[in-house]
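Protein chains: 2
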Amino acid sequence: MPDIKIVTDQAVAAQIKAILCAWGMVEPALSITARVLLWADLRGIDSHGISMIASSYRRMRDAGVLNFTPRLETVVDLPAIATIDGDGGLGHYPSVTAMELAIGKCRHTGLASVAVRNSNHYGAAGYYACMAAEAGLIGISMTGVHVAATVPTFGAEPRFGTNPIAFAAPAGRNPPFVLDMATSTVAIGKLVLAARAGKQLPAGWALDEQGRELTDPQRARALRRLTPLGGTRDLGSHKGYGLAMMVDILCSTLSGAAFAPARPPFEPGQPYDVGHFFLVLDPGAFRDKAGFVDDLDAMIDCLHATKRADPAQPVLVAGDPEAATERQRRTEGIPLSSVLVDELRDIARAANAEFTL
Amino acid sequence: MPDIKIVTDQAVAAQIKAILCAWGMVEPALSITARVLLWADLRGIDSHGISMIASSYRRMRDAGVLNFTPRLETVVDLPAIATIDGDGGLGHYPSVTAMELAIGKCRHTGLASVAVRNSNHYGAAGYYACMAAEAGLIGISMTGVHVAATVPTFGAEPRFGTNPIAFAAPAGRNPPFVLDMATSTVAIGKLVLAARAGKQLPAGWALDEQGRELTDPQRARALRRLTPLGGTRDLGSHKGYGLAMMVDILCSTLSGAAFAPARPPFEPGQPYDVGHFFLVLDPGAFRDKAGFVDDLDAMIDCLHATKRADPAQPVLVAGDPEAATERQRRTEGIPLSSVLVDELRDIARAANAEFTL
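One line per chain: the protein sequences are A and B, in this order.
Numbered according to my numbering, the first sequence spans residues 1 to 357.
Numbered according to my numbering, the second sequence spans residues 1 to 357.
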């Protein structure tokens with residue numbers, strides 16, 4: 001494949017750090033941001049890895065949105081709860097800090113929640129949920145999004161971001177259960193891929209300016225109006241809409257961050273004020289921990305053993321494809337498109353940063 | 001409408017209590033169960049009100065599944081967490097007890113969670129979330145289901161119940177936000193209604209024994225194989241599947257209750273061992289409470305003001321239709337189908353209970 005370059009995980013991490021460092025980011029944010037983005041690349045969540053620098057973070061930096069030397073402030077600190085102000089930086093650093101804080105609190109209280117406001121894009125939602133699972137805990141991670149793309153049921157204009165929900169739970173002999181899903185039917189990335197391939201969209205992915213179903217991939221890509229999960233009213237889009245609003249209540253309203261459509265018109269230097277929500281539960285506080293792990297393993301095994309609709313396609317459990325991709329990429333390297341590599345080379349050059357790919 | 005009888009809320013509550021009392025249920029379970037079922041009838045969630053007695057509880061009672069004199073046991077009691085054993089009774093009594101306990105704990109800790117095991121059907125999931133919202137708190141309520149009906153993506157046999165998620169948050173000038181949704185695309189009740197009306201199902205509601213799309217309403221009703229929210233893989237059924245599994249992990253695995261497909265074959269007197277999950281968060285612990293309420297009111301107003309796809313159909317917020325129905329039914333009474341009234345008359349007669357409808 002001539003348009004793919006295989007690079008090592010070290011090279012990806014070094015490239016992320018070189019560019020962000022040249023943009024003025026300092027430790028510990030630098031290493032944390034690189035770690036979270038690299039994780040997405042390793043897990044095959046390519047839209048949320050190093051590509052974010054080219055697709056989004058560069059533009060936000062150029063617009064003066066991002067504070068590269070944020071000083072996090074813990075504005076509320078109770079035994080089981082905290083609220084962190086991200087000081088307008090990228091979201092990975094306050095979010096890792098929030099999840100570490102929640103995990104620490106959870107060791108004493110059995111459950112804990114940390115809200116983050118005045119933040120920005122935090123990468124893949126699943127990373128933070130997995131931090132809890134790696135600590136033997138159940139983790140939940142959600143985020144608001146600074147730009148509205150998802151149209152409420154019966155509506156004709158966007159009100160929510162893709163507002164993801166991530167949930168991870170620790171198993172024993174199986175990898176953890178890791179759900180990481182947008183509450184829109186598909187992400188913007190799927191419209192872009194369909195537009196590139198010139199393929200009509202399935203009805204229920206995107207809408208036009210009047211809120212009608214749109215299957216033309218070029219127009220859908222330009223309009224960026226997504227349906228909530230369910231796609232159509234008949235198939236339950238009001239449920240996806242309700243989940244998207246739940247995510248915004250927990251991320252924006254609970255933390256005191258901005259709700260995207262209610263945000264004042266953008267001005268340079270004005271923060272996006274994105275909010276995140278994190279929750280951690282200790283199964284060992286509710287029941288014997290070993291029993292929880294055994295029962296989750298049994299549930300996962302039961303699902304893998306489910307009779308198949310197509311003998312060639314096994315029934316998967318959330319997190320299975322990403323775990324398989326991670327095993328492969330850790331040994332064989334990470335494939336990046338040549339287009340992305342070229343963009344990153346240009347960005348590195350413009351920033352006077354080393355090019356490591 | 002000759003096949004509809006309008007009855008008062010008092011008559012409905014009295015009928016529920018008369019039958020359950022004749023079956024051996026005692027206080028406080030009796031009043032609590034009647035209150036939860038009546039709430040569903042008032043809110044227009046007709047499938048989860050008094051009709052449950054005819055459609056499900058009678059059969060469970062006859063099969064010897066239900067303990068009508070349960071002694072709840074709080075098997076774990078920590079400052080922010082508890083686990084309750086429901087002793088094999090209907091789910092309403094342990095669930096109200098669990099939510100009251102969580103609300104009380106939340107007053108001290110800012111968030112609290114209570115898990116319930118060894119329970120049964122608990123009525124409408126939204127009731128418990130609304131208990132928190134009425135107390136000025138955010139409430140989450142989920143439940144497992146004793147019989148599997150939802151088929152995982154790529155699968156050809158059911159693994160989950162309709163596994164609902166309810167989430168409620170308190171507003172100020174608006175009614176609370178109340179999301180109460182099955183994680184299947186539709187509930188079994190919709191298949192029954194379509195079968196009665198002889199209408200073909202939309203593709204994506206139901207599956208056949210091979211996991212293929214099924215649009216014949218009679219076969220779908222008989223087979224009872226639902227899709228996860230999303231309906232098809234293209235429209236994101238793997239997300240609904242993931243949410244259904246998340247609900248079962250929180251309700252069954254966390255509490256130590258049974259996972260439906262892993263339950264041993266039913267024997268009379270053997271409990272279904274259904275689990276529930278409750279979580280309460282105090283917005284006033286994360287930020288100023290008034291700010292939360294103002295921001296949620298602004299979000300709700302913003303959604304109501306969303307440009308409409310159809311000028312005649314306003315954009316709704318989760319809980320709006322049920323709040324409107326409740327206002328109407330509290331003054332005008334509750335419509336019950338004559339078929340249901342006749343069934344309840346027969347059940348009352350067989351139980352030597354008063355007939356109050």
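Incorrect hints may appear among the rest.
Heads up, the list lumps identical chains together, so a pair's fine if it works in one copy or across two of them.
Subject to a maximum C-alpha distance of 16 Å in a straight line, what follows is the list of computed EDC-like cross-link-like pairs (lysine to aspartate or glutamate) [said to hold, decoys possible]:
(1) 307 x 157
(2) 5 x 208
(3) 5 x 332
(4) 307 x 27
(5) 307 x 288
(6) 199 x 77
(7) 307 x 208
(8) 5 x 234
(9) 289 x 301
(10) 199 x 234
(11) 289 x 320
(12) 307 x 354
(13) 307 x 346
(14) 289 x 87
(15) 5 x 157
(16) 5 x 342
(17) 5 x 62
(18) 5 x 343
(19) 307 x 209
(20) 5 x 216
(21) 289 x 343
(22) 289 x 310
(23) 289 x 3
(24) 307 x 62
(25) 199 x 343
(26) 199 x 209
(27) 199 x 310
(28) 289 x 62
Simulated from the structure, these hints should not be mistaken for lab results.
A quick note: this is a predicted structure, and the numbers were derived from the prediction, not measured.
Hints versus structure:
1. 307 x 157: Classified as between: cross-chain Cα gap 6 Å, same-chain 41 Å, threshold 16 Å.
2. 5 x 208: neither (36 Å within a copy, 44 Å between copies)
3. 5 x 332: within (12 Å within a copy, 69 Å between copies)
4. 307 x 27: Neither. Shortest intra-copy (50 Å) and inter-copy (45 Å) distances fail the 16 Å Cα cut-off.
5. 307 x 288: neither (31 Å within a copy, 51 Å between copies)
6. 199 x 77: Classified as neither: same-chain Cα gap 51 Å, cross-chain 56 Å, threshold 16 Å.
7. 307 x 208: Between copies only: 12 Å across, 39 Å inside.
8. 5 x 234: neither (43 Å within a copy, 29 Å between copies)
9. 289 x 301: neither (18 Å within a copy, 44 Å between copies)
10. 199 x 234: between (24 Å within a copy, 14 Å between copies)
11. 289 x 320: neither (23 Å within a copy, 41 Å between copies)
12. 307 x 354: This pair counts as neither: shortest intra-copy Cα distance 52 Å, inter-copy 48 Å.
13. 307 x 346: Answer is neither: 50 Å inside a copy and 41 Å across each miss the 16 Å cutoff.
14. 289 x 87: neither (38 Å within a copy, 22 Å between copies)
15. 5 x 157: Classified as neither; 39 Å inside a copy, 42 Å across copies.
16. 5 x 342: Close inside one copy (11 Å), not across copies (72 Å); limit 16 Å.
17. 5 x 62: The answer is neither: 27 Å in one copy and 66 Å across copies each exceed 16 Å.
18. 5 x 343: within (13 Å within a copy, 69 Å between copies)
19. 307 x 209: Between copies only: 10 Å across chains, 42 Å inside a chain, cut-off 16 Å.
20. 5 x 216: neither (31 Å within a copy, 50 Å between copies)
21. 289 x 343: Neither: 48 Å inside a chain and 46 Å across chains, both beyond 16 Å.
22. 289 x 310: neither (36 Å within a copy, 52 Å between copies)
23. 289 x 3: Answer is neither; intra-copy 48 Å and inter-copy 53 Å both fail.
24. 307 x 62: Answer is neither: 52 Å inside a copy and 32 Å across each miss the 16 Å cutoff.
25. 199 x 343: neither (26 Å within a copy, 54 Å between copies)
26. 199 x 209: neither (21 Å within a copy, 32 Å between copies)
27. 199 x 310: Neither: 25 Å inside a chain and 28 Å across chains, both beyond 16 Å.
28. 289 x 62: The answer is neither: 49 Å in one copy and 36 Å across copies each exceed 16 Å.
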